[in-house]
Amino acid sequence: MQTTDLFSKFDPLIETRRSLLATGVTDPFSLVMEKVLSPTTAICSGRETILLGTYNYMGMTFDPDVIAAGKQALDDFGAGTTGSRVLNGTYAGHRAVEDALKEFYGMDHAMVFSTGYQANLGIISTIAGKGDYIVLDIDSHASIWDGCKMGDAEVVPFKHNDIEAMEKRLKRIPEGAGKLVVLEGVYSMLGDIAPLKEMIRIAKEHGAMVLVDEAHSMGFIGPNGRGVAEDQGVLDEVDFVIGTFSKSVGTVGGFCVSNHPKFEIMRLVCRPYVFTASLPPSVVATAATSIRKLMHAGGKRAHLWENSRTLHAALTRLGFKLGTAEPQSAIIAVIMPDLERGAMMWEALLHEGLYVNLARPPATPAGMTLLRCSLCAEHTAEQVAVITGMFERAGKAVGII
Amino acid sequence: MDRAATAARIAEVIEPFNKNSVAIGETTSFAGDLEWDSLTVMDFVAAIEDEFDIIISMNQQAEIETYGQLIDAVTKLQG
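Just so you know, the sequences run in chain order R and X.
Numbering of the first sequence is given in this note's numbering, commencing with residue 1 and proceeding in unit increments.
Numbering of the second sequence is given in this note's numbering, commencing with residue 1001 and proceeding in unit increments.
To be clear, the hints were calculated from the coordinates, so they are not data collected in a lab.
Any given hint could be a false lead.
Claimed, not checked - Simulated crosslink set (DSSO-like; lysine-lysine; CA at most 30 Å straight-line): (1) R:K71 - R:K130; (2) X:K1019 - R:K321; (3) R:K168 - R:K197; (4) X:K1019 - R:K168; (5) R:K149 - X:K1076; (6) R:K149 - R:K262; (7) R:K71 - R:K293; (8) R:K149 - R:K130; (9) R:K159 - R:K149; (10) R:K197 - R:K262; (11) X:K1076 - R:K197; (12) R:K204 - R:K159; (13) R:K149 - R:K197; (14) R:K130 - X:K1019; (15) R:K204 - R:K171; (16) R:K168 - R:K102; (17) R:K197 - R:K159; (18) R:K130 - R:K159; (19) R:K321 - R:K262; (20) R:K159 - R:K9; (21) X:K1076 - R:K396; (22) R:K293 - X:K1076; (23) R:K159 - X:K1019; (24) R:K9 - X:K1019.
As the list claims (entries may be wrong) - Selected chain R positions facing chain X (Cβ under 8 Å, derived; list incomplete): (25) I138; (26) E154; (27) V155; (28) V156; (29) P157; (30) K159; (31) R169; (32) I173; (33) A177; (34) K197; (35) A366; (36) R393.
On a predicted model such as this, the values are computed, not experimentally measured, just so you know.
Glycine included, each C-beta is placed from N, C-alpha and C at the ideal position.
Please work from the sequences and hints to get the whole structure.
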């Protein structure tokens, strides 16, 4: 009998999982939501659960206008396009959502992909090829790393948010080589933001193009919700903004906006854009409606920040160790001592009726186990108070506080 | 800088990273013998890059498994 095959490389992970589940803890990676009641509540295992682990920051998933637009598009255009954007997969709705994005960001070009992952994969791999250099933060999202790998450029990482480390690497790149600096506005594991103003200035001084992933900031960071670069006054220095519809926008899809005069050629040369089916008409209709509503969502935005500040202060007061000293985004990462107690705490919270994300290496930096909380503009002040009580009881039961 | 001089400087840089005081030779492997995790590798690569004012891209790192290969690569990268 064969004892090793191509799956042998997964043995350590299979063993980690087996020993974790052997403790009797509920599998944190196979939760099913039986019914979703609102942006902030769902039925999980038969009980009503407060959702604190979605990326539904602005609560747009159940917005009546958004739902109506989706239903109308389903009636008018059918369930799917069955085609690539460059062949038979561009409907009026795809153009309309790209127009909405151009207006939202005040940029000349917008290109919509089928997921946010594909937006990073496609843009990065297409613009930085063999012989070019990509300088990126070590804590970058998987989609950024995969884009680097696919494009075959020389990949040079630097220590997380370390301006000096980034500059040193830029300085050492050979004369004449193409340079791309890849940054994120909000880093989603700890919920911390990047010093984009200084980093972008230095990148430009060294002749690099700059791509910023603003997936976790769209809709509520910056005067117009355009993200961290806008908030720090440097959006016009950014060559490419990557974003997603699967967070604040409340559906699925990814995009890149840019002012580069030759940007439209990307539609013909970017393989993850060309060789995949376009988004269904209902999805682009919900996205366009949602994006236009996010342009005028000042009240919701203020309430989301209030929620983030309140929960951050409460968890700090209870003695939990958090990813950032002050709330910098809508993500609050609670640092767990290890995977086993992290899973126990996750389960204790679920029994309390609260869903958060359990995050573990390799997704997390520095080998950390995190309980990641992401707030929603639709969480009420009462829900935030209830959540605090749940954390207190669960934390004491598991012995973390 | 020739290979011997490069090797001597790398030996100094590696010292604080060699927590288990493993005897290091040309064939010592970073992942296997030194048991470094990815974070240690990143910090060590940054230290080597700063010491010699060079870039060792991830693509180049993939080709460097042993101490001897590192000395060769750094000697070459200094031009």
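Each hint, compared with the structure:
Distance check on the hinted pair: K71 of chain R and K130 of chain R sit about 45 Å apart at the alpha-carbon level, beyond 30 Å; violated. The suggested pairing of K1019 of chain X with K321 of chain R holds, with an alpha-carbon distance near 28 Å, which does not exceed 30 Å. As the CA atoms of K168 of chain R and K197 of chain R are separated by approximately 17 Å, the hinted pair is consistent with the 30 Å bound. Note on K1019 of chain X and K168 of chain R: the hinted pairing holds, with a Cα-Cα distance of about 27 Å set against a maximum of 30 Å.
Note on K149 of chain R and K1076 of chain X: the hinted pairing holds, with a Cα-Cα distance of about 24 Å set against a maximum of 30 Å. The hinted pair formed by K149 of chain R and K262 of chain R meets the criterion: a straight-line CA distance of about 24 Å does not exceed 30 Å. Our distance criterion of 30 Å between C-alpha atoms is met by K71 of chain R and K293 of chain R, whose separation comes to about 17 Å. As the CA atoms of K149 of chain R and K130 of chain R are separated by approximately 10 Å, the hinted pair is consistent with the 30 Å bound.
For a cut-off of 30 Å, the pair hint linking K159 of chain R to K149 of chain R stands: about 19 Å separates their Cα positions. A C-alpha spacing of about 25 Å is found between K197 of chain R and K262 of chain R, which places the hinted pair at or below 30 Å, so the restraint holds. Of the supplied pair hints, the one linking K1076 of chain X and K197 of chain R is violated, its CA atoms being roughly 36 Å apart against a limit of 30 Å. Between the alpha carbons of K204 of chain R and K159 of chain R the distance comes to roughly 19 Å, so the proposed pair stays at or under 30 Å and holds.
This hinted pair checks out: K149 of chain R and K197 of chain R have alpha carbons roughly 27 Å apart, not beyond 30 Å. For the proposed pair K130 of chain R and K1019 of chain X, the alpha carbon gap of about 37 Å is over 30 Å, so the pair is violated. At most 30 Å may separate the alpha-carbon atoms for a hinted pair to count; K204 of chain R and K171 of chain R meet this at roughly 12 Å. Distance check on the hinted pair: K168 of chain R and K102 of chain R sit about 35 Å apart at the alpha-carbon level, beyond 30 Å; violated.
Restraint check: the Cα-Cα separation between K197 of chain R and K159 of chain R comes to about 17 Å, which is no more than 30 Å; the hinted pair holds. Between K130 of chain R and K159 of chain R, the direct Cα distance comes to roughly 24 Å. Compliance with the 30 Å bound is thereby established for this hinted pair. At roughly 47 Å between alpha-carbon atoms, K321 of chain R and K262 of chain R are farther apart than 30 Å, so this suggested pair is violated. Taking the CA atoms of K159 of chain R and K9 of chain R, the gap is about 28 Å. The hint holds against a cut of 30 Å.
Simply put, K1076 of chain X and K396 of chain R have alpha-carbon atoms about 57 Å apart, too far for the 30 Å limit, and the pair is violated. Restraint check for K293 of chain R and K1076 of chain X: the C-alpha separation of about 57 Å exceeds 30 Å, so the hint is violated. For the hint pairing K159 of chain R with K1019 of chain X, the CA-to-CA distance comes to about 21 Å; that is within 30 Å, so the pair holds. For the suggested pair K9 of chain R and K1019 of chain X, the alpha carbons sit about 27 Å apart, so the restraint of at most 30 Å is met.
A cut of 8 Å between beta carbons decides the hint on I138 of chain R: the least distance to chain X is about 6 Å, and the hint holds. For E154 of chain R, the shortest C-beta to C-beta distance to chain X is roughly 4 Å, which falls under 8 Å, so the interface hint holds. This hint holds: V155 of chain R has a C-beta 4 Å from the nearest C-beta of chain X, less than the 8 Å allowed. Using the Cβ-Cβ criterion of 8 Å, the hint placing V156 of chain R at the interface with chain X is satisfied: the shortest such distance is roughly 5 Å.
A distance limit of 8 Å between C-beta atoms decides the matter here; for P157 of chain R the minimum to chain X is near 7 Å, and the interface restraint holds. With 8 Å as the threshold, the beta carbon of K159 of chain R comes within range of chain X, its nearest partner Cβ sitting at about 7 Å, so the hint holds. The closest approach between the C-beta of R169 of chain R and any C-beta of chain X is roughly 6 Å, which is under the 8 Å cut-off, so the hint is satisfied. Annotation: interface hint on I173 of chain R holds; nearest CB of chain X at approximately 7 Å, less than 8 Å.
Because the smallest distance between the Cβ of A177 of chain R and any Cβ of chain X comes to about 10 Å, over 8 Å, the interface hint for this residue is violated. A distance limit of 8 Å between C-beta atoms decides the matter here; for K197 of chain R the minimum to chain X is near 24 Å, and the interface restraint is violated. Given hint, A366 of chain R at the interface with chain X, holds; its Cβ is 6 Å from that chain's nearest Cβ, closer than 8 Å. Interface hint status for R393 of chain R: violated, as the beta-carbon distance to the closest one in chain X is roughly 34 Å, over 8 Å.
The earlier numbered hints that this structure contradicts are 1, 11, 14, 16, 19, 21, 22, 33, 34, 36.
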